[in-house]
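Keeping their order, the protein sequence lines are chains E and G. All residue numbers for the first sequence refer to UniProt numbering, where the first residue is 1 and numbers rise by one. All residue numbers for the second sequence refer to UniProt numbering, where the first residue is 1 and numbers rise by one.
Derived from the structure by calculation, the hints contain no laboratory data. Among these hints, one or two may not hold up.
Unchecked claim - Derived, one-sided and incomplete: chain G residues facing chain E with beta-carbon distance under 10 Å:
1) Leu12
2) Leu13
3) Asn30
4) His33
5) Ala36
6) Ser48
7) Met50
8) Ile56
9) Gln58
10) Leu66
11) Glu69
12) Arg75
13) Gly80
14) Ala84
15) Val92
16) Gln113
Please read all numbers here as calculations on a predicted model, not as lab measurements. For each residue, glycine too, the CB sits at the ideal point set by N, CA and C.
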Amino acid sequence: MPIGKFMMSGAGSRCAACRYLRRRCSKDCIFSPHFPSSNPQRFAYVHKIYGASNVAKMLQRVSEFERSHAADSLHLEAKCRVEDPVYGCVGLISRLQRQIHNLESEIAMTRALVMMYESSLDRRKGSANGH
Amino acid sequence: MGGNSPCASCKLLRRRCAKDCIFAPYFPSNDPHRFAIVHKVFGASTISKMLQELPIHQRADAVNSLVYEANSRVRDPVYGCLGAISYLQNQVAQLQMQLAVVQAEILCIQVQQEPMILPSQPPAAAMEAGMMDGPMDDKSGLGGFPHSNVLPSQYLSFASSSDVTPCGVSHEGSFLGHDTVS
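Can you build the whole structure from these sequences, using the hints too?
Below, the structure written as C-alpha cells:
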C-alpha cells in the first residue's frame with residue numbers, strides 16, 4: 001500500500017513542529033522548511049509564545065519567499081520573550097534607544113569641547129600675532 | 001470590572017467578566033483594539049498564562065510590551081519588531097562612527113596644544129565607564145518602553161518596514177550574520 005500523501009518530510013523524519021504536535025508531517029507541511037527536526041527548541045519557543053495555529057496563520061499570510069525571514073523573526077521574538085517575560089524584545093529596543101541617547105549626548109559634548117579647544121587655539125594664535 | 005461593563009477581553013471572548021478577571025485591569029472596555037491585536041498574534045490563553053506567571057506589579061509592563069510587539073507584527077508580518085531593532089542597531093553603529101571621528105578631532109587638537117593646557121583625561125574616556133548601560137535595569141519599572149523621539153514614524157505607527165533588511169540579532173544587541181539568526 002503506498003504511503004500516499006502523508007509522506008514523512010526529509011529522510012523519513014518529521015519536522016520539529018509535527019514531532020512536537022505528535023502528528024504526521026505532510027509533504028506540504030507549512031512548518032517543515034522552517035522548523036527542521038535538528039532544532040526542536042526553535043519550534044518549542046514559537047509554540048510557547050504564539051501557538052502552532054497562530055504561527056501557521058502568520059506564515060500563510062506572507063509569501064513563500066518571505067516565510068523563512070518571518071519564521072526567523074518569530075523565533076527570535078519568542079526567544080526574547082521566554083528569556084524576558086516582562087519586556088521581550090521590546091527590552092532590547094529600549095536598551096538600544098538609551099544607547100543612542102547616550103551616544104548623541106557624548107557626541108554633542110565632545111563637539112562642544114572641540115569648539116572650545118579650537119577657540120582657545122585661535123586666541124593663542126591671535127595673541128602670538130600681537131592682537 | 002465586576003458588576004460594571006465587561007472588559008475588552010471578555011467582550012471579545014463573549015464571556016462573563018469575573019470580578020477577578022486577569023485581563024480586566026489591562027484591557028479596559030474603552031479600547032477594544034488593544035486586546036483584539038494581542039489576541040490575534042498571541043492568543044488569549046497564552047496571554048492569560050503569561051500574566052499568571054508574572055507578579056502583579058510587572059503585568060502592566062508585560063501587557064504594554066505585548067501590545068507593542070503585536071502591533072509591530074501586524075504592521076510588518078515578516079519582521080515584526082526586528083525591523084525596529086535593525087534600524088536602531090544601524091543608528092548605533094553610525095553614531096559610534098561619528099563619535100570616533102569627533103574624538104579623533106579632539107586628539108588632533110590636543111596634539112597641537114601646549115602640554116600645560118591639556119586636560120588630565122580626555123572627556124570621552126572619562127565618560128566611557130558610564131556611557132554604556134548594562135542590560136536593562138528596569139527594576140525601578142521606569143523607562144521600559146520605546147520613546148517616540150528616536151523611532152521613525154513607520155515604527156511609531158507600526159507601518160510596514162519592508163524596506164528594512166534586519167541583521168540577525170543577539171539578545172545583547174550585536175550584529176550577527178543573517179545565516180546565524182537561528
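Right, here's what the structure says about each hint:
no., hint, verdict
1, Leu12, "violated, 16 Å"
2, Leu13, "violated, 15 Å"
3, Asn30, "violated, 24 Å"
4, His33, "violated, 18 Å"
5, Ala36, "violated, 14 Å"
6, Ser48, "violated, 12 Å"
7, Met50, "holds, 6 Å"
8, Ile56, "violated, 12 Å"
9, Gln58, "holds, 5 Å"
10, Leu66, "holds, 7 Å"
11, Glu69, "holds, 6 Å"
12, Arg75, "violated, 12 Å"
13, Gly80, "holds, 5 Å"
14, Ala84, "holds, 6 Å"
15, Val92, "holds, 6 Å"
16, Gln113, "holds, 7 Å"
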